[in-house]
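Given next are the chains, with one letter for each unit.
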Amino acid sequence: MGVALARLAQWTAASYGTGTLEITPLNEILLKEIIIFVEHFIYDHPQEAKFSFVEPLEWKTDLEPSAFESGYIVSETTVTSEEVDKNGQPLLFLSVPQIKVRSFRQLSQLVFIAKDTKLKEAQACVEANRDPVVKILGSDYSTMTEDSSAFNILHKITSSDDPESEMKMRIAILLKQLDLHLLSYILRHISLQICLNPEPVKKDIELLKSFSGKGEQTVLESIDYTSDYEFSNGCRAPPWRQIYGEMCYVLVKPHDVETLCITCSTEGVFLNGDIRFNEEQQKNQIDEVPTYAIRKSVSGSDKNKLEKNQINFRKNQMTRRLEPSLNWRTTVDFKDRKTPAKDSQEEKHGGKLEKTRTSISPGRAQLLRKSVDKVEEMASESSSESEEDEEPPDHRQEANADLPSEYWQIQKLVKYLKGGNQTATVIALCSMRDFNLAQETCQLAIRDVGGLEVLINLLDTDEVKCKIGSLKILKEISHNPQIQRNIVDLGGLPIMVNILDSPYKSLKCLAAETIANVAKFKRARRVVRQHGGITKLVSLLDCAQNSIEPAQSSLYETRDVEVARCGALALWSCSKSYSNKEAIRKAGGFPLLARLLKTSHEDMLIPVVGTLQECASEENYRAAIKAERIIENLVKNLNSENEQLQEHCAMAIYQCAEDEETRDLVRLHGGLKPLASLLNNTDNKERLAAVTGAIWKCSISKENVTKFREYKAIETLVGLLTDQPEEVLVNVVGALGECCQDRENRVIVRKCGGIQPLVNLLVGINQALLVNVTKAVGACAVEPESMVIIDRLDGVRLLWSLLKNPHPDVKASAAWALCPCIQNAKDAGEMVRSFVGGLELVVNLLKSDNKEVLSSVCAAITNIAKDQENLAVITDHGVVPLLSKLANTNNDKLRRHLAEAISRCCMWGRNRVAFGEHKAVAPLVRYLKSSDTNVHRATAQALYQLSEDPDNCITMHENAAVKLLLDMVGSPDQELQEAAAGCISNIRRLALATEKARYN
Amino acid sequence: MNRKKLQKLTDTLTKNCKHFNKFEVNCLIKLFYNLVGEATERPGAATGLDRNAFRNILHMTFGMTDDMIMDRVFRGFDRDNDGIVSVTEWVHGLSLFLRGSLEEKMKYCFDVFDLNGDGFISKEEMFHMLKNSLLKQPSEEDPDEGIKDLVEITLKKMDYDHDGKLSFADYEKAVREEALLLEAFGPCLPDPKSQMEFEAQVFKDPNDFHDNMNS
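In order, the protein sequences belong to chains A and B. Just so you know, we're using the numbering used here here: the first sequence kicks off at 1 and counts up by one. Just so you know, we're using the numbering used here here: the second sequence kicks off at 1 and counts up by one.
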């Protein structure tokens, strides 16, 4: 932490020697990170925690001696720890107000004791000890000095091998890691505000250049700019790229791979090339977590290797962002950031992700960050509206580029639009429609010659014919995202919204269709809503019921059905924003949509179902959908011939089937059969994703699962476990997970060979997929025969390693899946022990703050503890205090599994007593007041086990357990009865014994 | 005009007119005589609206401005070419004006645009009709350049057989493809707004009408 403290902590300026830390958010973060480090030190590194410092850390504390409890000798003004070093010196000595601490163990304790004031204490400590590393390890380890300490450390470790310096070494490495962590953490904060500028980039490149050349001893083979000319502002990129923030391009030839082309821009340093390469590299970076690397090279005492690693880091860092630290954390984070976005994206939009990927032309400089942001934008849209608007940069056509002939022709037409009367304008508009308006050149040409302004102005005139002509063009060119933004910028939307009130139906239609195109992004949708567009669009849906209308060929008239279709189309676009969904509901859109759903025009049904599907992502609209009997028609349309319609219906069912009643409705209206049969067509991946999604959600209901089995859907699903895109896999696996709750289906899955592909999927990285896969594997593991296969495929080990996954959902799901595995594996105890570090990992998960993770881990511990040897191991890892710490919870699920775990863990050594010492008993008694019988049963059993210890009996009695337990004895649940009775009998027996002792 | 005569006229015209009912025809006849004025009702002399009176109506009621087009519309109404629009021509003309099918309107518009009546709309005719359609820009060397260009654009768009002039077949095909081109060379039909206003004003509530009749 030396470097971080010395360089980054913001000290108040004037003072030297005993400076004080300024109260800034940055410093607070710094201190909090240090506290977390110290708090966890005792658990993460119990050996190192015992090491006594060379010099004590000394500062003025506000703590009262009375705050110290067991383990300390407390007098009025002094506190001495019972723990002493090998010379008999106490490791903690407090003489008010001065405190001296000499080990991490004591520091941890102190942080624990300090509770709310820990931030203040940490600040005082850091202020008083400007170079804690020296105090802890001695002056040899000073980090204030400039030279890279890695070489020092290396030198030390090779020159001496006495245990003490080895210990020092380990602590030094730990502190070094903390330092790195702090640096990177703070950098992440700072880097949000700072852009790169040409100066440091130039320096960095110069530096690297000086270490480049042929031969083994260099960092890189070569590094060169692509351009020799440097502009006065220090940039080397051409001016038209500079406006995008690009500064220079560098060709780098490392020793190990091909020449890399790198773009340095104000946003960071990016590797050019196609996106895949970047992804692969990221993976590598994650594998090379420097802690491993450093440990490895240090233990191997291989100087060369260490050097190589450093170079590696340098390279990684170059490709990512020019940051002064070896910032591996940001890269990991980067990945994290990307995956959830991707997942939600997949859930919501089915296959759309693929489209975004392919739309980015390969070979161009890929700004990876940009593309990630784009994904995030899309993901955020369907569910919530965040404030910032991510919009692609405007690519104006460069003036000197070779312009296509269309450009000039369009320019001429726009001139006539501007300077012509109605007749000339109409001719020009009609002529403009003869250009290929789907082509981007033409779209942008219209905009670049100022045509958009004219077209939008025409909408504001009284000339209906001009309006129609103008909208016909706007409708076509507004497929282009840039044009959409330009239209909004030019204030086109409010005018179009007003046109929705026009008496001419064809005009309404065109306006609605154009709005449908433009409202593809959030800002546009907001404008539509704010100008009352949603209400107007909803009223378009209210077309006359009579389907036999005269086919009017007039310019101004069109059929009501067509008006409704265009309205639905616009609503579909708008419904991607949350507030618009609300507006649609308020405007009474659902009954109208439900009515339109009964028609049989595919053109109409697709936008209607699309809108419903978007709205169904919100729970309260699902209720409205249910109320309007929409499910019935969705099911009907599953049988349509139109693939897109099928896809949207399935998607809507997928969204709605979160609700149990809806799931039943789908079944009652015969929707399961078409869903099952659609599974057989796997060519259309988007539809397949929607269909499998619907099947997944529907199979949450037991009756539906039975139906699916009848339709042989289980077999088909197993077949879909391979060679499918992730968005399909997530749903397929989810469906199998639900189906496998049923015994017969488990057998089917096993017989179809479904277990192998499932276990194979355990190595993925997609969070949503992992959650579902673990659930499915867990469901299969209930079957002993399947368990044999899972065991043979090493599935348990894979599950176990998922406990290390950063996402709490995955962790929890993996832990739940481990429970049946341990229950049903042969030699489960032996198997569990064979995972090196596995038990420690599980126990440490009890420190999580996610209730689901905690519940699942408690359940896993319950199963692990069935084996005596393993119970002994987890006891050594401190399972008892950790479980006890969790006892104060109101979450019934956690309570149940916690009580079960406690009850199991009582079976070893003096754990019963230990639970009492860690104050777990009193909270447990309170569980009996819960309303959940499962909690009662587990708690009674735990109390029964705990009551074997007399002290616990006393605690229970004090907390009025007997009355509660007596009620439990009257429960119809036999196990609960027995456990309660057993517990009462233990308490009673103790009372009798005391009475007896008193009278004797 | 006496009531019996009016009744008879209404019946004849209603029989020959497919877009109006008897009540509407009656309204139009009444309007016609209102416009013509009682004074013109002299035996022997043809009663009707002369060119100026008719152009006035087109301008005031249907918002038309182009003199040449208005002349052509008068010709369209004045089928017997006698220089006045008679009551029969009035009802027939308005039938197309207000209720005409696309086919009827195309035929009518083509006749309006075909200035010399040779069955083709030539480049010269187009030029003639479009010559006032562009704002004169002082910077232009040849002020007619833009008009000529506009004619070329129109031909490119509508001249399907590439003979440098528009036949009715060309015109019909272009209009069927793009209804906006019906009045390609100038507004010769009432715009929908004034049409609605006109109808609302003329075809008042039948009860009113009956009251008027009885009074």
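Keep in mind that the hints were calculated from the coordinates and are not lab data. You may find that some hints are simply not true.
Which residues of chain B face chain A? A partial, calculated answer using Cβ under 7 Å [what the hints assert, rightly or not]:
(1) 133
(2) 153
(3) 157
(4) 177
(5) 181
Quick list of in silico lysine-lysine cross-link-like pairs, BS3-like style, CA-CA up to 27 Å [what the hints assert, rightly or not]:
(6) B:123 / A:412
(7) A:505 / B:131
(8) A:415 / B:107
(9) A:50 / A:100
(10) B:5 / B:107
(11) A:415 / B:123
(12) B:204 / A:412
(13) A:214 / A:253
(14) A:415 / B:22
(15) A:418 / B:148
(16) B:165 / B:193
(17) A:505 / B:165
(18) B:18 / A:418
(19) A:135 / A:203
(20) A:826 / A:851
(21) A:505 / B:18
(22) A:505 / B:123
(23) B:193 / A:505
(24) A:804 / A:885
(25) B:4 / A:412
(26) A:120 / A:804
(27) B:22 / A:418
(28) B:156 / A:418
(29) A:418 / B:107
(30) A:415 / B:165
Heads up, the beta-carbon is just placed ideally off N, CA and C, and yes, glycines get one too.
Hint-by-hint comparison with the structure:
no. : hint          : in the structure
1   : 133           : 4 Å, holds
2   : 153           : 5 Å, holds
3   : 157           : 5 Å, holds
4   : 177           : 9 Å, violated
5   : 181           : 6 Å, holds
6   : B:123 / A:412 : 20 Å, holds
7   : A:505 / B:131 : 33 Å, violated
8   : A:415 / B:107 : 31 Å, violated
9   : A:50 / A:100  : 16 Å, holds
10  : B:5 / B:107   : 33 Å, violated
11  : A:415 / B:123 : 21 Å, holds
12  : B:204 / A:412 : 48 Å, violated
13  : A:214 / A:253 : 11 Å, holds
14  : A:415 / B:22  : 49 Å, violated
15  : A:418 / B:148 : 17 Å, holds
16  : B:165 / B:193 : 33 Å, violated
17  : A:505 / B:165 : 34 Å, violated
18  : B:18 / A:418  : 42 Å, violated
19  : A:135 / A:203 : 36 Å, violated
20  : A:826 / A:851 : 30 Å, violated
21  : A:505 / B:18  : 25 Å, holds
22  : A:505 / B:123 : 35 Å, violated
23  : B:193 / A:505 : 14 Å, holds
24  : A:804 / A:885 : 22 Å, holds
25  : B:4 / A:412   : 62 Å, violated
26  : A:120 / A:804 : 33 Å, violated
27  : B:22 / A:418  : 46 Å, violated
28  : B:156 / A:418 : 21 Å, holds
29  : A:418 / B:107 : 31 Å, violated
30  : A:415 / B:165 : 25 Å, holds
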